[in-house]
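**Q** One-letter residues, chain by chain:
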Amino acid sequence: MMEALLSALLALASPERLMYMALGVGIGYAIGVLPALGGLAGLSLVLPFIYGLDEVAALAMLVGLVAVAATADTFSSILMGIPGSSASQATILDGFPMARRGEAARALSASFIASMVGGIVGAVILTGAVLVARPLILALTTAELFMLAVLGLSMVGVLAGRSFAKGVVACGMGLALGTVGAAPATSEYRLDFGTIYLSDGLPLPVLVLGIFALSEIVDLARGGGTISQTAELGRGWFAGLRDTLRHWWLLVRSSAIGSVLGAIPGLGGSVTDWIVYGHAIQTEKNGQFGKGDVRGVIAVEASNNAREGGALVPTLFFGIPSSGTMAVFLGGMTLIGIEAGPQLVTNRLDLTYAIIWSLAIANVMGTGLCFLTSPLIARLTVIRFGLIAPFMVMVVCFGAFNTNRDLADLFLLLGIGALGLLMRRYGWPRPPFVVGFVLAQPMETYLYQALQFHGWSFLLRPGVLVIAGLILICVFLGIRQRQLAEAEDETPRAAETRRAQALFALVPVVLFAAVLADALRQSFLGGVFPGGLAVVMLLISLPLVLQIGFARNPPGGLLHDAEVQPDPELGGFWTYLGWVAGLVALAALIGFFLANILFFLAFLRRAARCSWPMTLALTAIACGVLLVSAQVLVLDFPAGVLQAMVDLPWPLR
Amino acid sequence: MSIITPHGRTGRRDLLRLGAAGLVAAGTLPGRVARAQDFAGKTIEWIIPLQVGGGSDTWARFHLPFLSRHLPGHPTIVIRNITGGGGINGTNQFAARARPDGLTILGTTGSVQFPYLLGDPRVRYDYKAWAPVLAGPTGGVLYIRPELGVRSVADFAKLKAAQGLKYGSQGPTSLDIVPALAFEILGLDVQIVFGMQGRGPGRLAFERGETPIDYQTTSAFNAQVMPLVREGKAVPLFSWGALNAQGELVRDPNFPDLPHFAEFATAALGAPPSGPAWEAWRTLFVAGFAAQKFVVLPKETPAAILDTYRAAFARTLADPEYKEKRAAVIGEYDEVTGEACNRAYAAATNMSDTTRAWVRDWLLRRFNHRM
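Quick mapping for you: the protein sequence lines, in order, are chains A and B. Counting along the first sequence from 1, when you hit position 470 you're at 470 in the working numbering, and nothing is skipped either side. Counting along the second sequence from 1, when you hit position 103 you're at 1103 in the working numbering, and nothing is skipped either side.
Be aware that a few hints might be false.
[To be verified] Taking beta-carbon pairs under 10 Å as the criterion, some of the chain A residues facing chain B (in silico):
| id | residue |
| --- | --- |
| 1 | Glu-188 |
| 2 | Leu-330 |
| 3 | Pro-342 |
| 4 | Thr-346 |
| 5 | Ala-513 |
| 6 | Ala-514 |
| 7 | Ala-517 |
| 8 | Leu-520 |
| 9 | Phe-573 |
| 10 | Thr-575 |
No lab work stands behind these hints: they were computed from the structure. Glycine is no exception: its CB is placed at the ideal position from the N, C-alpha and C atoms.
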């Protein structure tokens, strides 16, 4: 084994192969820095070029790209509060508050070091997995996979913030929206309203961008000024390094959890960072999580790089991609004539180790690149936000419609954005919402399959009991955490708008009622999961509405309104969402590309009060960025009514 | 940059596509045909209605450099993945938008053929409106766990008596309808468990021991299941088979030692399979396996352009580099163009009304599934 490891390293050490790896690292970096685009988009980009490359060079490039995208996507998470990809959402919870406090440098440096260590731990675990992964993965049947989904769900307790009840209902909304589309047991379409778009289920990237990014952009735009409230970067490069070293034990734990969860096929990698984040909250003392605690950044960033190493395990050894990114990676392997599977380890150990080395080396390369460029990129936080806002809106819209390439992506983005804005305002936690959404499908599928395969006795399987024990520990730690969270101060005068808050609390009630009504029209197997969920959630959410609206002494944390005493300096609550709505409506009329030009001109002139030369220059830059990205990703912009009537040349069509 | 010219350089999208299209349209007039056949400087869009990295996408990307090399003028070819509805969305868009100018082509696959054959209401395309220029086959092998004690068709009685046979399926109208119909024809009592996110997870369920019966397409079988067979952890029973030049079901060239399904069924049941279930199996087998992948253009496309494509694919199929590299992507199957392709197309995209009605009724009876 040592011999194979060394010869793989030597094979990789040729200048040409390292060059291809560097190319992959470069592209992964660029794609990672762009908000909302992750390794998936990057791999689709290089796929056309790998045909005909030598095996090791091609693998080095692909692996390099994936590894670095997971490091570089931190930039937008920390600096702008936009999830760099749907797999690194939890970074924003603490990273972004740090950037706003003027500690962007410290947060970035901590995250890069954590990413690098996580990536290397992932590579080490992958090395060990070559020998033992098969039996371990085969030991996890549908029953254990269902329990792991429940374990993920049990994190809602610590992610709920100040009101546990609101957290549960938010999670229920996520679960409910996650059941839209084909039922796993019967392929019946649920709540699809006869459309192909909804029959595929709601796309996770759009949901994440809407719930987190859009409300963040709107909030920043209202405040004017710069992202960093102190208008400086801070000199925290060494502070971040020290933070990471001081929390080395958390770093190791998060990396290990990340790579193990990443290696489990079918769990959905997007929930990994929430589990790790919840773990950090449960186990770290005196946490200021959610308010800019560097440990939140370290844990999540270590885990999402480690996860890429873990995700390679089922991909390489079983030929089963555990994420969208890995599906494309597998396609790339086929194109260069390598077939993943058990024989890869037995016959082509050299390639397996070349992949592992690539992962480790690329993580180091990528970290270097991120450090080198971050002083420049971090300057974004000290530029007047009015100038950045339209770019961020454009990029978020672009990231959203790159998922399905459908105008409906933009409408969904807007709808979820409005929901996110109100959830934020009225103190409904958003992480449980995302966790619920991500876990809905695996929970329903594995519950149904475990019952089919094992009957109810699946609950007595040893693996299931072990995971059940873990869940109990998590719940216990969570309860301890809850007492701290609920002891926090309430927003002053939140009771003044309780009617409006109760009205908003009706939103989940209406959703659950709709899900229930739809479930009753389905066959038993198609409707039992969403229907059961809706009934339970109605029983929780209806009393909540009454409590919020009418209770004499509502429990702590229930009433919340961030807008009771708005700062008179701020813009209106709806103004900036209105701008986005205008862009989307215009796109529906004249197509996204033209709409975006008008949006830029109008926003920069009216909202940001720029001079004409500045406005025109920024608009031109935006068009250039859009055109290059669309060209590279081979996509048409969403078309509007105009395009349906007149046949226009690209990019207008 | 999903654009490749034969020299491997990055090409540029033709911003004047409208003008180009106009030229080509003009080129269809008599006497201008020669110009229409030259794709120099043009960009061809190859629509794949499924995800990047999936089977169809990989197949198209494998073909792409060869097609560019063998089309006159070496056009730039880009692959555009339009996903949604398991392939229905992108195919609908092609049906609505593609012009007969040879600059937009569609790659279809079994999961696009099936909803069309079964009358899915979301389908807005008609295979009769298209002309095929390439057909690509694949195959599949059904295998079981050794604990069942069944080595071949000789032990069929044991298989029929086996308790608790389960099969992990992707859905009632997915490609997994082919094994489900096979179980029906053989009279096997197999519990079908839905919700598998692809054949890979189905195989994992087999390896974990949750399902004792499974099938994989040829390339996955060779890469993933053959090692299990060698270790004695899986027993292959039969392949689906393949179509010969006359359109008859024969043994799969990749598995000459395995009986094909009709052979197996004949030996198991004592008579060749027949009846509506068999008719349905045969059509869906052709559409899902024997002629799984097609490249099509709108039927009104001038014959000169269609023939240019057929000639380009004929040259691809004879290209030594293609032959050398096809194993990983296509397996040892002969893709066809020209007459053989048209025959396969007809077999894969036509289902009699009575058979369709029977399948829909069977889906309702067997799975309580309404199209």
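**Q** Take the hints in turn and mark each one as holding or not.
**A** Hint by hint, here is what the structure shows:
Taking 10 Å as the C-beta cut-off, the interface hint given for Glu-188(A) holds, the closest approach to chain B being about 8 Å. A least Cβ separation of about 6 Å between Leu-330(A) and chain B falls short of the 10 Å threshold, and the interface hint therefore holds. Using the Cβ-Cβ criterion of 10 Å, the hint placing Pro-342(A) at the interface with chain B is satisfied: the shortest such distance is roughly 4 Å. Against a cut-off of 10 Å between C-beta atoms, the interface hint on Thr-346(A) holds, since the closest Cβ of chain B lies about 8 Å away.
At about 25 Å, the closest approach between the beta carbon of Ala-513(A) and any beta carbon in chain B exceeds 10 Å, and the interface hint on this residue is violated. A cut of 10 Å between beta carbons decides the hint on Ala-514(A): the least distance to chain B is about 22 Å, and the hint is violated. Using the Cβ-Cβ criterion of 10 Å, the hint placing Ala-517(A) at the interface with chain B is not satisfied: the shortest such distance is roughly 19 Å. Violation of the interface hint for Leu-520(A) is found here, the shortest Cβ-Cβ separation to chain B being roughly 16 Å, above the 10 Å cut-off.
At its closest, the beta carbon of Phe-573(A) sits 35 Å from a beta carbon of chain B; the interface hint therefore is violated under the 10 Å criterion. Checking Thr-575(A) against chain B: minimum C-beta separation of about 34 Å lies over 10 Å; hint violated.
Of the numbered hints listed earlier, those contradicted by the structure are 5, 6, 7, 8, 9, 10.
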